[in-house]
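Chains as they are written, first to last, in the numbering used here: chain H, 1 to 172; chain W, 1 to 473.
If you're looking for bench data, these hints aren't it; they were derived computationally from the structure.
Each hint should be verified, as a subset may be incorrect.
[Stated by the list, open to error] Not everything, but these chain H residues come out facing chain W in the computed CB check (under 10 Å): (1) 11; (2) 14; (3) 121; (4) 122; (5) 125; (6) 126; (7) 127; (8) 128; (9) 129; (10) 132; (11) 133; (12) 136.
Note that this is a predicted model, so its numbers are computed, not measured.
Positions of the beta carbon are idealized from the N, C-alpha and C atoms, including for glycine.
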Amino acid sequence: MSDSTTDPKLAALEKSLSALVPAPGRIDRDQLLFRAGQASARRPQRLWPCAMALVSVIAVGLGLALMIRPEPRVIERVVFVSPESQAPASGSTGSTPLPNATAVQNKTESSRELWVSSAGYVQQRDQAIRWGVDALPPSGSIDSTAPALSIESLLGMPKEKLDQPSLFPLQF
Amino acid sequence: MIARLPIWFCFWAVIPGVQEQAPPEEVVRVALRPAAAPVPALKYQFLPEYRNQVSGNAVIHYHRAGQMIGKMPGPEDKLWQWLEMPSKDLPREEGRLFLQRYHNLFRELELASRCDRCDWQFRERIRTDALGLLLPDIQQLREFAHLLRLRAGLEIADGRVADAVRTLRIGFAMAKHANQSPTMIAALVGVAIANQMADLVTDLIQVPGAPNLYWAITDLPQPFIDLRVTLQSERMIVSGLFSPLAEAGIDIRTTPLSSQQLQVVIAGMGQLFDNTHGRETTGLRLALIGMTAKGYPEAKEFLLAQGMAAETVEAMPRLQVVLIFALAEYDRLFDEMIKWQPIPYWQARPGMAKADQGLREEKIKSGELGRIPLAAYLIPAVQKVFFATTRLDRKLAALRSIEAIRLYAAGHDGKLPAALSEITEAPVPMDPVTGKDFDYKMEDGKAVLSAPPPAGEQSRFGNYLKYELTLTK
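Construct all of the structure, not just a fragment, from the sequences and the given hints.
Rendered as structure tokens:
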């Protein structure tokens, strides 16, 4: 079984090799792997945390600004609309009449608007008080051709109907 | 640096808001020269004296002037820029050429100013069709005032003091004539015209050699705009709603109405509230039905408490009962508001504010309790109108004070008084808004005459006054 050789050189080499003691490696494998991993990773970035912090601060700032700033100034502008320009709109409504029930319902729903006075004088007066007389339409824009409302027209009756004494049964 | 950005950003966001809170202060800078009172003291007057008046109705002349004015220049015209300029900066030659075409119109306005009355014939119109009332002639006065303002401005720029006083006299007379129309719009037009003229007086007293106008300003009525008839005529609007019945001798407050007469009442209400302009009143009728059902018990109780016989109340349609209550509420709230008008503003203000608050509450209540909101929508913001007229009086009082300072300077070697109390040449008026003396102090050789906003109000355009006065010999 012995493989011993007769060549003295080889025997000496064998002897010297067998005398060698295994020495522990100077490279720490774990350390090496850690360093390799560390080297493979990019340097940590501060951009995103900074951006996030910035956005957070801006959001807080805007929130504060919204809370403490005064009410936005309301810019009121008076727009004079001539009756002619309104006519097509009402005409289009008239071309597709709503069923009566729907019309009544809509009327009821818009009862809030109903109690906003539409009387010309009252409107103009309140406008003048609120915004000054410069807000009134110039004298030339007053539509003197518009027919004055009569009680008869409001009642849907023929003109001069109310002049008939029979309408007032009480005797004076 | 990056870390500071958010902080700056916050400042940028907040600063505009802060700037909005504090609008720039409006200071009128006036360069004065000492001037003693003219002899005779009323050599210059801003309203025609009785001896210079003629019998006649000024309205006729205003109507003639209205025929002559033609179409006013459009909004882009230079006229509107000129009206914003101080008198001294006006382009004199161009302005004179522009005004040449209005020579005859100015003649009519002057004739109008000398008329001893100005009857606009509105009383009966308000009684019958107040809500449809058109006021084109009153509104035309504003256009006349613009032209007068330009004319007076050019005269001031030329140093033609007597001519400028004459033009201002026409303007002040026109403002008073507007006030003789018994509508609130007309009163406000009068205030606007008089304000324009008062601003020109500020320019006029700075003209070298300008006479002292203390007594001319003092001669103007105080208050300049009288609101008594104006406010009383507002009440006529409500009675105008039921004018067909009134003309037939029916008092809806006492006489039970027939169903046909009730239709007239509904139609009258339609004039006021219904946006359908009378084409149909379905919405109004539905609303009235709802309000009658809801408000009848309260209204009935009110009428019985007022001493109306139970049979009479029962005989009335329910809508009429609710309406009578609404009319009574209107009268109550309206009187609460206008009763303060004869009292000086600074004394009346708390009471008017309370009445105004009552009116606001009524607006809410009328919705909640189903009341017919006559008061809520027909009573105007009287407090604001009262302040507008008092603000004009304040401006005139401030001008009187400035002229009193010129009187003092004329007798004290061209020096400004250290305090208003030093002025003994003429009474220095008090501020009609506060009921106290104007604030007066010396700052860096200049005098500052000011009047604060009404108590409890922040400074905003028009609710305070500040004049910076410098004196040159």
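Hint check:
1. 11: violated, 76 Å
2. 14: With a minimum Cβ separation of about 72 Å from chain W (threshold 10 Å), the hint on residue 14 (chain H) is violated.
3. 121: holds, 5 Å
4. 122: Where the cut-off is 10 Å and the nearest Cβ of chain W is about 7 Å from residue 122 (chain H), the hint holds.
5. 125: This hint holds: residue 125 (chain H) lies near chain W, its Cβ roughly 5 Å from the closest one there, short of 10 Å.
6. 126: With a closest approach of 7 Å, the residue 126 (chain H) hint holds.
7. 127: With a closest approach of 9 Å, the residue 127 (chain H) hint holds.
8. 128: holds, 5 Å
9. 129: Because about 5 Å separates residue 129 (chain H) from the closest Cβ in chain W, which is inside the 10 Å limit, the hint holds.
10. 132: Where the cut-off is 10 Å and the nearest Cβ of chain W is about 7 Å from residue 132 (chain H), the hint holds.
11. 133: The hint holds - residue 133 (chain H) has a Cβ within 10 Å of chain W, the shortest such distance being about 5 Å.
12. 136: holds, 6 Å
In summary, the numbered hints that this structure violates are 1, 2.
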